[in-house]
Amino acid sequence: MGALYGAFFYLFKVSTMSNKELPKGSLISFMSNKVKLQGGINLAQGIPAFDPPKELIDILRLVANDNIHQYAPGRGVYALLEQLAKYYKLPQQQFIMVNGATEAISLLFIYLQNLIKEKFSVLAFDPVYESYHNLARIFNLPFVAYPNEPVIDFSKIEEDIKSKNVRIILLASPGNPLGKVYSRHEIESLTELSLKHQVYLIFDAVYSELYFDVKPYLPTDKINPYLFYVNAFSKQFSITGWRLGYLIADASHMDALAHVHDYTGLCAPSLLQTALAAYLDKYSFGRDYTEDLRDKLKGNYNQLKDALNELGFSVVPAQGGYFVWAMLPPAFTDGFDFAMALYDEQKVATIPGIHFSEQGKNFVRFNIARHPYEISMAISKIKTFIKGKMA
Numbered sequence: 073m074g075a076l077y078g079a080f081f082y083l084f085k086v087s088t089m090s091n092k093e094l095p096k097g098s099l100i101s102f103m104s105n106k107v108k109l110q111g112g113i114n115l116a117q118g119i120p121a122f123d124p125p126k127e128l129i130d131i132l133r134l135v136a137n138d139n140i141h142q143y144a145p146g147r148g149v150y151a152l153l154e155q156l157a158k159y160y161k162l163p164q165q166q167f168i169m170v171n172g173a174t175e176a177i178s179l180l181f182i183y184l185q186n187l188i189k190e191k192f193s194v195l196a197f198d199p200v201y202e203s204y205h206n207l208a209r210i211f212n213l214p215f216v217a218y219p220n221e222p223v224i225d226f227s228k229i230e231e232d233i234k235s236k237n238v239r240i241i242l243l244a245s246p247g248n249p250l251g252k253v254y255s256r257h258e259i260e261s262l263t264e265l266s267l268k269h270q271v272y273l274i275f276d277a278v279y280s281e282l283y284f285d286v287k288p289y290l291p292t293d294k295i296n297p298y299l300f301y302v303n304a305f306s307k308q309f310s311i312t313g314w315r316l317g318y319l320i321a322d323a324s325h326m327d328a329l330a331h332v333h334d335y336t337g338l339c340a341p342s343l344l345q346t347a348l349a350a351y352l353d354k355y356s357f358g359r360d361y362t363e364d365l366r367d368k369l370k371g372n373y374n375q376l377k378d379a380l381n382e383l384g385f386s387v388v389p390a391q392g393g394y395f396v397w398a399m400l401p402p403a404f405t406d407g408f409d410f411a412m413a414l415y416d417e418q419k420v421a422t423i424p425g426i427h428f429s430e431q432g433k434n435f436v437r438f439n440i441a442r443h444p445y446e447i448s449m450a451i452s453k454i455k456t457f458i459k460g461k462m463a
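Once you know that position 182 of the sequence shown is 254 in my numbering, the rest is easy, because the numbers rise by one and skip nothing.
There may be inaccurate statements among the hints.
To be verified - Straight-line C-alpha distance at most 25 Å; calculated PhoX-like pairs for lysine-lysine:
1) 459 - 106
2) 106 - 126
3) 419 - 377
4) 370 - 287
5) 419 - 354
6) 228 - 294
7) 126 - 370
8) 126 - 459
9) 161 - 294
10) 108 - 455
11) 108 - 96
12) 287 - 191
13) 234 - 191
14) 191 - 228
15) 294 - 377
16) 455 - 370
17) 368 - 294
18) 96 - 419
19) 158 - 354
20) 368 - 228
21) 191 - 268
22) 370 - 158
23) 377 - 287
24) 236 - 189
As the list claims (entries may be wrong) - Pairwise CB distance ranges, derived in the manner of DEER restraints:
25) 362 - 430: 31 to 37 Å
26) 334 - 354: 28 to 34 Å
27) 162 - 443: 35 to 41 Å
28) 416 - 334: 42 to 48 Å
29) 334 - 206: 22 to 28 Å
To be clear, the hints were calculated from the coordinates, so they are not data collected in a lab.
Fair warning: this is a prediction, and the values are worked out from it, not measured in the lab.
Glycine included, C-beta positions come from ideal geometry on N, C-alpha and C.
Turn these sequences into a full structure, and let the hints steer you where they fit.
Following this line, the structure appears as structure tokens:
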């Protein structure tokens with residue numbers, strides 16, 4: 073495991089430029105739109121192929137007849153806030169419902185930039201989820217991509233905090249594209265650093281319920297003025313189109329955050345919040361569906377990981393999430409060229425590693441949140457593609 077992490081960050085530091093012009097904007101949207109327009113197997117975008125819980129859809133049909141089609145309260149529908157408060161054992165006043173976890177992180181960037189009132193840097197662990205470095209770019213903030221080594225050097229992070237004036241750190245566990253689950257010691261060490269240096273730590277828990285074996289530690293017991301917790305129901309219940317996320321913050325921030333939210337996201341859809349609240353209350357916070365989804369993802373991960381390793385890829389071990397992060401076989405040197413050719417010839421869409429890291433030129437990311445038969449079909453097509461190129 074350590075050798076693969078080390079290989080990623082020290083042996084393959086190459087230019088991200090291909091011999092052709094890269095598409096503008098998100099490579100995830102670019103590759104996923106190919107499937108939407110031309111067909112194929114979408115192992116590119118993190119869109120689940122699974123249906124949402126049947127019970128949730130049945131409840132949605134029932135509540136759609138109620139008079140709940142206008143604006144919801146800005147902080148969230150009371151019944152849903154009640155379910156969250158009960159689940160996390162925190163006061164309702166520390167929650168805000170938002171339009172997906174992406175809005176939660178964007179809301180925090182707006183709020184914290186106004187709060188800090190000076191130029192500062194943003195740090196996240198490489199390879200990096202696209203919103204992290206792109207939000208830094210949108211807000212004209214320097215971005216520090218810290219190598220995701222097997223053993224985190226917290227003294228080095230502390231040096232970067234001081235020398236580069238880092239004021240926001242983003243951490244996801246498990247993450248995207250690298251499904252690493254951070255230990256309690258690692259998370260508590262970062263929490264301590266954030267308090268010591270007054271750095272705001274944004275903990276992204278979107279995939280936290282989708283672990284393969286060991287349940288991730290979630291720092292909701294450590295909420296303080298420098299720790300924000302972001303989560304969503306999108307991936308856990310296969311409802312990415314519902315855009316239901318939430319933010320937990322220290323009480324000292326809540327009124328000001330709610331004020332900014334009023335002028336950005338305003339509110340998450342009242343109908344969908346109401347349906348979800350009833351489902352969570354009646355079905356133990358979706359426990360059965362979540363456990364079944366975990367099993368599916370773990371099976372897909374193991375199937376694809378083993379097949380890719382047999383084909384000469386080097387898969388970086390993951391402990392959860394939606395994705396496989398893999399170094400290309402030695403015969404291939406450019407993830408963008410590989411992804412384009414694989415789609416053109418076999419209609420299997422993946423994401424080039426350069427979308428997530430400057431060190432990711434010969435890496436690709438695969439989405440595993442598909443039906444098992446799609447994973448099997450994709451493996452067959454990738455085998456055909458590799459054999460054709462090696463002939």
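Hint check:
For the given pair, residue 459 sits about 24 Å from residue 106 by alpha-carbon distance, which is consistent with the 25 Å threshold. Straight-line distance between C-alpha atoms of residue 106 and residue 126 comes to about 30 Å, which puts the hinted pair past the 25 Å bound. With a CA separation close to 20 Å, the supplied pair residue 419 and residue 377 stays within the 25 Å bound. Proposed proximity of residue 370 and residue 287 is supported: the alpha carbons are some 13 Å apart, at most 25 Å.
With a C-alpha separation of about 41 Å, the suggested pairing of residue 419 with residue 354 is violated against the 25 Å cut-off. For the hint linking residue 228 to residue 294, the alpha-carbon distance of about 23 Å falls within 25 Å, and the restraint holds. Between residue 126 and residue 370 the CA atoms are separated by roughly 22 Å; this keeps the pair inside 25 Å, and the hint holds. Note on residue 126 and residue 459: the hinted pairing is violated, with a Cα-Cα distance of about 41 Å set against a maximum of 25 Å.
Note on residue 161 and residue 294: the hinted pairing holds, with a Cα-Cα distance of about 12 Å set against a maximum of 25 Å. For the given pair, residue 108 sits about 23 Å from residue 455 by alpha-carbon distance, which is consistent with the 25 Å threshold. Taking the CA atoms of residue 108 and residue 96, the gap is about 18 Å. The hint holds against a cut of 25 Å. Between the alpha carbons of residue 287 and residue 191 the distance comes to roughly 37 Å, so the proposed pair goes past 25 Å and is violated.
This hinted pair checks out: residue 234 and residue 191 have alpha carbons roughly 13 Å apart, not beyond 25 Å. A C-alpha spacing of about 21 Å is found between residue 191 and residue 228, which places the hinted pair at or below 25 Å, so the restraint holds. Of the supplied pair hints, the one linking residue 294 and residue 377 is violated, its CA atoms being roughly 35 Å apart against a limit of 25 Å. Taking the CA atoms of residue 455 and residue 370, the gap is near 21 Å; set against the 25 Å cutoff, the hint holds.
Between residue 368 and residue 294, the direct Cα distance comes to roughly 31 Å. Violation of the 25 Å bound is thereby established for this hinted pair. Between the alpha carbons of residue 96 and residue 419 the distance comes to roughly 21 Å, so the proposed pair stays at or under 25 Å and holds. Straight-line distance between C-alpha atoms of residue 158 and residue 354 comes to about 13 Å, which keeps the hinted pair within the 25 Å bound. The hinted pair formed by residue 368 and residue 228 fails the criterion: a straight-line CA distance of about 38 Å is larger than 25 Å.
This hinted pair checks out: residue 191 and residue 268 have alpha carbons roughly 19 Å apart, not beyond 25 Å. Annotation: proposed proximity of residue 370 to residue 158 is violated, straight-line Cα distance about 28 Å (limit 25 Å). For the hint linking residue 377 to residue 287, the alpha-carbon distance of about 21 Å falls within 25 Å, and the restraint holds. With a C-alpha separation of about 16 Å, the suggested pairing of residue 236 with residue 189 holds against the 25 Å cut-off.
Our hint of 31 to 37 Å for residue 362 and residue 430 holds, since their Cβ atoms are close to 35 Å apart. For the pair residue 334 and residue 354, the beta carbons lie near 31 Å from each other, so the given range of 28 to 34 Å is met. The hinted window of 35 to 41 Å between residue 162 and residue 443 holds, with their beta carbons roughly 36 Å apart. Here the CB-CB span from residue 416 to residue 334 is close to 47 Å, well matched to the stated 42 to 48 Å.
Here the CB-CB span from residue 334 to residue 206 is close to 24 Å, well matched to the stated 22 to 28 Å.
Hints 2, 5, 8, 12, 15, 17, 20, 22 from the earlier list are contradicted by this structure; the remaining hints agree with it.
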